[in-house]
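Once you've looked at the hints, dock chain Y against the given chain F.
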Amino acid sequence: MSENSSSGAAYWKANIRLVSICLVIWAFVSFGLGILFRPMLSGIKIGGSDLGFFMAQQGSIYVFLALIFFYAWRMNALDRQFDVHED
Amino acid sequence: MDLKTLTYIVVGATFALYIGIAIWARAGTTSEFYAAGRGVHPVMNGMATAADWMSAASFISMAGLIAFMGYDASLFLMGWTGGYVLLAMLLAPYLRKFGKYTVPEFIGDRFYSQTARIVAVICLITASITYVIGQMKGVGVAFSRFLEVEQSTGLFIGTAVVFVYAVLGGMKGITYTQVAQYIVLILAYTVPAIFISMSLTGSFLPQIGLFSDHSASGMPLLAKLDQVVMDLGFKQYTADTTNTLNMFLYTLSLMIGTAGLPHVIMRFFTVPKVADARWSAGWALVFIAILYTTAPSVGAMARLNLMNTIQTGEIGSPEGNLSYEARPQWFKSWETTGLLKFEDKNGDGRIQYYNDANKDFAAKAEAWGWKGNEMVSVDRDIMVLANPEIAGLPNWVIALVAAGGLAAALSTAAGLLMAIASAVSHDLVKSVFNPNISEKGELLAARISMAVAIAIAAYLGLNPPGFAAQVVALAFGLAAASIFPAIMMGIFNKRMNSLGATVGMIAGLLITLIYIFWFKGWFFIPGTEMAKNSVDNWFLGISPEAFGAVGALVNFVVAYVVSKATKAPPAHIQDLVESVRIPRGAGAATGH
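Chains F and Y are the protein sequences, given in the same order. Sequential numbering from 1 applies to the first sequence in my numbering. Sequential numbering from 1 applies to the second sequence in my numbering.
With the rest of the complex left out, here is chain F (with noise of 0.2 Å):
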């Protein structure tokens, strides 16, 4: 590590930047679209109530699924680029 401590430096940076946008996603989707913008998007309608119930009964689980496995394969994918993986 020490040897190598830019490439280290700018592999950290990368992973920050990509838990950053993940993170925000996840937050969009429960707390922004299942709890507080319910109100606002009560217009639109799925199967019987609205976007909001959907989102905070299903959807954001599946958001949620997404956002993992995107991470681990672009995580993976840094660890390669960066020379820091395993084996």
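Check the hints yourself; a few may be wrong.
The list that follows gives simulated cross-link-like pairs (lysine-lysine, BS3-like), each with its CA atoms no further than 30 Å apart [to be verified]: (1) Y/K235 / Y/K4; (2) Y/K567 / Y/K137; (3) Y/K359 / Y/K341; (4) F/K13 / Y/K567; (5) Y/K359 / Y/K345; (6) F/K13 / Y/K100; (7) Y/K4 / Y/K341; (8) Y/K371 / Y/K345; (9) Y/K345 / F/K45; (10) Y/K100 / Y/K440; (11) Y/K341 / Y/K532; (12) Y/K100 / Y/K235; (13) Y/K494 / F/K13; (14) Y/K564 / F/K13; (15) Y/K371 / Y/K359.
Since the hints were made in silico from the structure, they are not lab data. Since we're looking at a predicted model, the values are computed, not measured.
Same frame as chain F, now just chain Y:
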């Protein structure tokens, strides 16, 4: 074959399977006992994590909560799944790279402080013990309802089974048993849901059925449900929450708490590589989501079935309500448990189930000769357990639900006991009392700690303290306010020092504890509460269960300010943080 015999066969077969796996997966080393030899495939680990996480509460209680709370219960759905995003991105890969066995060990090493480690051990044991009491109770209830044995007998049988595979196999035995338990519990949950969704909406997938049309009326299912409940004076099922701030913070507290619960975190120590820890969190959520996306459908459909069973015809007409004599078999069997209770207040021999707290509706009801809601007790927990009977499904499905409920309770209990046993043997015996203990000695200590933890859990399951229901909030509050922030700062803030982290943990812990005790009584002793536990008294309308998020914020702020004002951690600790942040070398860290 009658239901009882069938249930004995199904439950007996699953127990035999768990014991068989235990004998096959005996642990020979401390690495196998604490971390399953770090050889668990990420998909398998995901499945085991899912079984570990989904407790009797998820399996039995959650759909019932949703059935009666409607939209408001979404906070459980988002809160108990959203935590895995935090876990995958902020904690799991780094803790796997760190390569040790327990959560307090990370906190102790990173903050170079035995005090920090002991504070973490105390948080861990408190959170885990409170949780395990609920599981043991769940085992007893499931046994007594389905196998018609005494609750205490059921508890002893369940305890004996956990004892065999946890003491013998440690984390290795527990992991492979949990994989089997996951399969049992997910079948038990989804099979009845599929049947019910087919009959109500014609849709094979319950997730789609919830947003489809109700076959009998042609209306969307949720619109139909809204209409049925509101016609009887109940709150609209899909109505928006009345306390947005509280729902927001409650959801956040459950998310942070989930990511901070030690028995979940330690599952990620068992995979071979850092990359596997990331995938594994995703797989865990896949297996959890199968149940969590089914639960809202089960809740809504069970509520609709229940309402329609009782209100058979036009509301207000004398013939519109189910006659008590004609009540179905499942109604009778749940009456004997006391979870369902009917009282013929107006003496007409028919059942009126409506919201008599709704003044406008109660006035109308009186004109029809109704004298109050006659379903005086409808326990939420029966929604899942009675669901197959309400829908008229075959006996083997009912037997499967019994086995599923037991699998959910046993798998979570085993995971919690593992967290307690490893904290005692590794963080107290080895680290504090006897650092020179041999590998064989430590393995023996771990097995003894496990046996003692099981005995204590069984005792508490038999004699549950009066505050058992309250303490779940405490477990999440503790994890959210103390453990999660400490680990996260340990990884993401290189400058965080021992004093900052310790003071932060204690500050977060204290403010959360005080807020909970303020409304629920000091140490939950009845009569010692400082103010009535109601929304008018809560600070900004925040309920005690939702306060963990505030505690976490306090922890972060205090830790940051204190560490800024004091000197940076020593160089070797900063190097440790650097090494935890990159995946390379995780394999080497295992053989310590």
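The hints, checked one at a time:
Restraint check: the Cα-Cα separation between Y/K235 and Y/K4 comes to about 38 Å, which exceeds 30 Å; the hinted pair is violated. A C-alpha spacing of about 49 Å is found between Y/K567 and Y/K137, which places the hinted pair above 30 Å, so the restraint is violated. Restraint check for Y/K359 and Y/K341: satisfied, since their Cα atoms lie roughly 23 Å apart, inside the 30 Å limit. At most 30 Å may separate the alpha-carbon atoms for a hinted pair to count; F/K13 and Y/K567 meet this at roughly 25 Å.
Of the pairs offered as hints, the one joining Y/K359 and Y/K345 holds, with about 18 Å between alpha carbons and a cut-off of 30 Å not exceeded. Under the criterion of a C-alpha separation no larger than 30 Å, the hint pairing F/K13 with Y/K100 is consistent with the structure, at around 26 Å. Taking the CA atoms of Y/K4 and Y/K341, the gap is near 23 Å; set against the 30 Å cutoff, the hint holds. Only pairs whose Cα atoms come within 30 Å are accepted, and Y/K371 paired with Y/K345 is accepted, the gap being roughly 6 Å.
For the suggested pair Y/K345 and F/K45, the alpha carbons sit about 41 Å apart, so the restraint of at most 30 Å is broken. Under the criterion of a C-alpha separation no larger than 30 Å, the hint pairing Y/K100 with Y/K440 is consistent with the structure, at around 18 Å. With a C-alpha separation of about 29 Å, the suggested pair Y/K341 and Y/K532 falls inside the 30 Å cut-off, and the hint holds. Distance restraint check for Y/K100 and Y/K235: the Cα-Cα separation of roughly 50 Å exceeds the 30 Å cut-off, and the hinted pair is therefore not satisfied.
Of the supplied pair hints, the one linking Y/K494 and F/K13 holds, its CA atoms being roughly 14 Å apart against a limit of 30 Å. The suggested pairing of Y/K564 with F/K13 holds, with an alpha-carbon distance near 22 Å, which does not exceed 30 Å. Annotation: proposed proximity of Y/K371 to Y/K359 holds, straight-line Cα distance about 13 Å (limit 30 Å).
The earlier numbered hints that this structure contradicts are 1, 2, 9 and 12.
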